[in-house]
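Following the hints, put chain X in place on chain V, whose structure we already have.
Each protein sequence line maps, in turn, to chains V and X.
Everything in the first sequence is counted per the working numbering, starting at 38 for the first residue and increasing by one.
Everything in the second sequence is counted per the working numbering, starting at 38 for the first residue and increasing by one.
Derived by calculation from the structure, the hints in this document are not laboratory data.
Idealized CB from N, CA, C, for every residue including glycine.
Please note: incorrect hints may appear among the correct ones.
List of simulated lysine to aspartate or glutamate pairs, EDC-like, C-alpha gap at most 16 Å [unchecked claim]: (1) X/Lys446 - V/Glu327; (2) V/Lys163 - X/Glu272; (3) V/Lys323 - V/Glu248; (4) X/Lys163 - V/Asp84; (5) V/Lys463 - X/Asp203; (6) V/Lys464 - X/Asp321; (7) X/Lys260 - X/Glu272; (8) V/Lys277 - V/Glu248.
If you want the ones that stay clear, here's a sample from chain V, every Cβ over 10 Å from chain X, calculated [as the list claims (entries may be wrong)]: (9) Thr82; (10) Ile252; (11) Lys263; (12) Trp266; (13) Arg270; (14) Arg286; (15) Ser376; (16) Gln415; (17) Pro436; (18) Lys463.
2 protein chains.
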Amino acid sequence: TSPPPPALTPLPDAMLRVRATRERKLSHGDALAVKQALSVPGQGTRDHSPAHVVLRDRLLAAVVACFKRHGAAAIDTPVLELREMLIGRYGEGAKLIYELQDQGGELLALRYDLTVPFARYLAMNKITNMKRYHVAKVYRRDNPATTRGRYREFYQCDFDIAGQFDPMIPDAECLKIVHEILSDLQLGDFLIRVSHRQILNGVFAVCGIPESKFITTCSTVDKLDKMPWEEVRSEMVGEKGLSPEAADRIGEYVQLHGGLDLIERLLQDPKLSQNKLAKEGLGDMKLLFEYLTLFGITEKVSFDLSLARGLDYYTGVIYEAVLLQQENDHVDEPVSVGSVAGGGRYDGLVGMFDPKGRKVPCVGVSIGIERIFSILEQRVAVSGEKVRTTETQVLVATPHKHLITARLKLISELWDAGIKAEMMYKKDPKLLKQLQYCEDTGIPLAAIVGEQELTDGVVKLRDVATREEVDIPREKLVDEIRRRLEP
Amino acid sequence: TSPPPPALTPLPDAMLRVRATRERKLSHGDALAVKQALSVPGQGTRDHSPAHVVLRDRLLAAVVACFKRHGAAAIDTPVLELREMLIGRYGEGAKLIYELQDQGGELLALRYDLTVPFARYLAMNKITNMKRYHVAKVYRRDNPATTRGRYREFYQCDFDIAGQFDPMIPDAECLKIVHEILSDLQLGDFLIRVSHRQILNGVFAVCGIPESKFITTCSTVDKLDKMPWEEVRSEMVGEKGLSPEAADRIGEYVQLHGGLDLIERLLQDPKLSQNKLAKEGLGDMKLLFEYLTLFGITEKVSFDLSLARGLDYYTGVIYEAVLLQQENDHVDEPVSVGSVAGGGRYDGLVGMFDPKGRKVPCVGVSIGIERIFSILEQRVAVSGEKVRTTETQVLVATPHKHLITARLKLISELWDAGIKAEMMYKKDPKLLKQLQYCEDTGIPLAAIVGEQELTDGVVKLRDVATREEVDIPREKLVDEIRRRLEP
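Just chain V, with the same shape it has in the complex:
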């Protein structure tokens, strides 16, 4: 399954500030000064702050919940793969692979997606039947022209079904998953564009394209979502060497989109209906739409012949989900604001990793978490929601000096009882500062011990929001805290 491109978001302020120091002349005498000025993560990568991580984990949890609802098991593979394993799998993407230095030993590269490692895993372990998910980072040296704002390290969330099954049942489930996730996340209106490599190949064949040019023509067609047809046509003729007539014939097909009606029409098409590949592909597509009707999701699915997807390894159904901009006064039709999921069937990839070439048919989908994340992040920013970055339930506080011992003993009791507790690391912090810390970080309770409380064998439990304070006998404190924190 192929990965939608990562999100376009601005660099955080802090990073811009530090980048600026690269240029600044440094007066600091330390020999490390120059290195210090470089203290920023590499180009196209970024640090994730606690608030980032909390939001990201929420999002990943929603995606993983869907994958588990569909019965998938998780695997994990190394970030480092043998370079040989990645070569020739990604078409034009190959030049974006990060390669490691030869430091004596194997030639290694960073994984470019999670699909090729999955295929390698299946072949290596002789697994012929598996439903798995994998949520992990992948690496792409975005070429200079597209670097701005694209991340070079980004998450992918993949779900794949491997095995020899009856047609379109797993394929339909992948589309159901995309539909569930995009609906669950309430990202607004979306559309799942679907096509089929065999239909495209059939189209190319009936338009008179030699088979040797199918893959390269495919990658030109794939640009139709970013370029008008005129430009795509001129790339076909100019760069790819198709005849103008062949390009025009392709143009008539790849600008079509619709539903079951279009599939029926193409099944009657005098040229396509004579082509074996196209006929099989259209048969698949018809069955797929029947299953999607049972799932009740055809409203959001469009059979779209302009969809080609850039990766070499697809062999059957392919799909891509795009979010649609909300309609407004200036725009009559919803406009795509970018791909947030994509995938398809790849029946040949596992065989490439098996010594005997044994094939394991696969189909899968990759959720473009980075783009979705940037949408959710904007939404949180607009809503003014204050994201708590810790889960601390109780601050252990003292009202006077010389009570560090009392605080350490009490917090130790709370930790041992499984209560999430913090204390300030100063020996004698002011009570006001301690209560302010609760308000700043959202800690709901303060457990206060002063001389009097120690003498009385109680702890003053304060509700930070209401400012109510009650003395609780020390031995009942843990139960009282638990009672108050019950949902």
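This is chain X only, laid out in the frame that chain V set:
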């Protein structure tokens, strides 16, 4: 905080099998044959199967729960760091850093630990006060002599406290965390060895070692857990150029271990008590032991002057936790079976990344999850526990042919209601095969629809364990499933 070495576990069978195919002569005519024979992850890395991931996630969840109990927030940093950032931070570890090719642009390397990236993050974002955890993979090109069984990609789980605070309060909390995690995981008996870089430096000074040789002497002392004193001594004299007399004087100190009593004795030591560094360090150590007494954990803590820790960046308290082998008839004293956690104070590291050299004192701990994982894995294997790798609650099944439509409609309803459901991907699977699948994978319920059930508007709900079957009206199915799955 420094990372304990990863676990020594045998390669999985599947990997050994595939390694064997490297040598095997391939008859398959495909041009990819040679590449196929290499289909194994790189040296020192491994794939994690679903059962592995389930166990690992359980373990990580326990560690993260402890970090959250102590009020830490999570951050994430890139796997790729600028090479400049990592150079000169790791002492002899530097040669194990993975470097990327210069593919035009920056010189990059894979992170070696999570501590240096944390220090860079603090400096870059001008953060002077933070309690954070980070669970992520790090990368080390283990040198050939130690390659066998050590992983080159492995998890670290780090907890660190940054900020200018009163002495030993955060340091004591780090030790409390190690104690909590190792107790929670029930790994058997353990010992936390503690020392202090300033005490060691004081020892070196009073033994007549020039300051320029402190760090290199330190890394030799660090080998005392793997070599007898005689060998360490000969490395000091032979390789490091210390005089035999100085080495002997060092030997008298670094073989000491004990508790508060030893600290008191050294505070009275005629030579050490005259050394400013040692006196300060011993003062810290005394306060630390007082706090650990309040936490009730001194029984598992040993002040051990042979502990030095290999990394350059430590400046104060250092520690390392080891599991002790169960006593048996042949062994009188418990024996260490390897380090499972380590860390210490590093007050200078953040300043190295700040353009103005502003320091942020830090202390932290890293849990050696890989070694712990291999212990837990063995334990699960011995117990015969069958680890479920999916969470599926219901299998949607049919007893006759031609019912794919009924299955797809029903499973779609269950998914939409949030029920974790699977069905077999064959159009007409045998009922026995479907029920067998439930037993094999631990699915507790089967929802069966045949012609009769469709006519009657019911679903036959089967309890897989008891084999009891009850007809449930279709509209009550979701509630009934939820009721049955309640804990």
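Going through the hints against the structure:
Taking the CA atoms of X/Lys446 and V/Glu327, the gap is about 11 Å. The hint holds against a cut of 16 Å. Taking the CA atoms of V/Lys163 and X/Glu272, the gap is near 49 Å; set against the 16 Å cutoff, the hint is violated. The suggested pairing of V/Lys323 with V/Glu248 is violated, with an alpha-carbon distance near 25 Å, which exceeds 16 Å. A C-alpha spacing of about 14 Å is found between X/Lys163 and V/Asp84, which places the hinted pair at or below 16 Å, so the restraint holds.
Under the criterion of a C-alpha separation no larger than 16 Å, the hint pairing V/Lys463 with X/Asp203 is consistent with the structure, at around 5 Å. Taken as a hint, the V/Lys464 and X/Asp321 pair is honoured in the structure, with Cα atoms around 14 Å apart against an allowance of 16 Å. Note on X/Lys260 and X/Glu272: the hinted pairing holds, with a Cα-Cα distance of about 10 Å set against a maximum of 16 Å. Pair hint V/Lys277 plus V/Glu248 holds up; C-alpha atoms about 13 Å apart against a cutoff of 16 Å.
Residue-level check failed: V/Thr82 sits 4 Å from the nearest beta carbon of chain X, not beyond 10 Å. Here V/Ile252 stays apart from chain X, with its beta-carbon at least about 16 Å from theirs, past the 10 Å limit. For V/Lys263, the shortest C-beta to C-beta distance to chain X comes to about 25 Å, beyond the 10 Å cut-off, and the non-interface label holds. Separation of V/Trp266 from chain X is adequate, the least Cβ-Cβ distance of about 34 Å exceeding the 10 Å criterion.
Against the 10 Å criterion, V/Arg270 stays outside the reach of chain X, whose nearest CB is about 33 Å from its own CB. No Cβ of chain X approaches the Cβ of V/Arg286 within 10 Å, the least distance being about 33 Å, so the stated non-interface status holds. Its beta-carbon lying about 23 Å from the closest one in chain X, V/Ser376 satisfies the requirement of being farther than 10 Å from that chain. Every C-beta of chain X lies more than 10 Å from that of V/Gln415, the closest at about 20 Å, which supports listing it as non-interface.
Every C-beta of chain X lies more than 10 Å from that of V/Pro436, the closest at about 18 Å, which supports listing it as non-interface. Non-interface call for V/Lys463 relative to chain X: violated, since the shortest CB-CB distance, roughly 5 Å, does not exceed 10 Å.
Of the numbered hints listed earlier, those contradicted by the structure are 2, 3, 9, 18.
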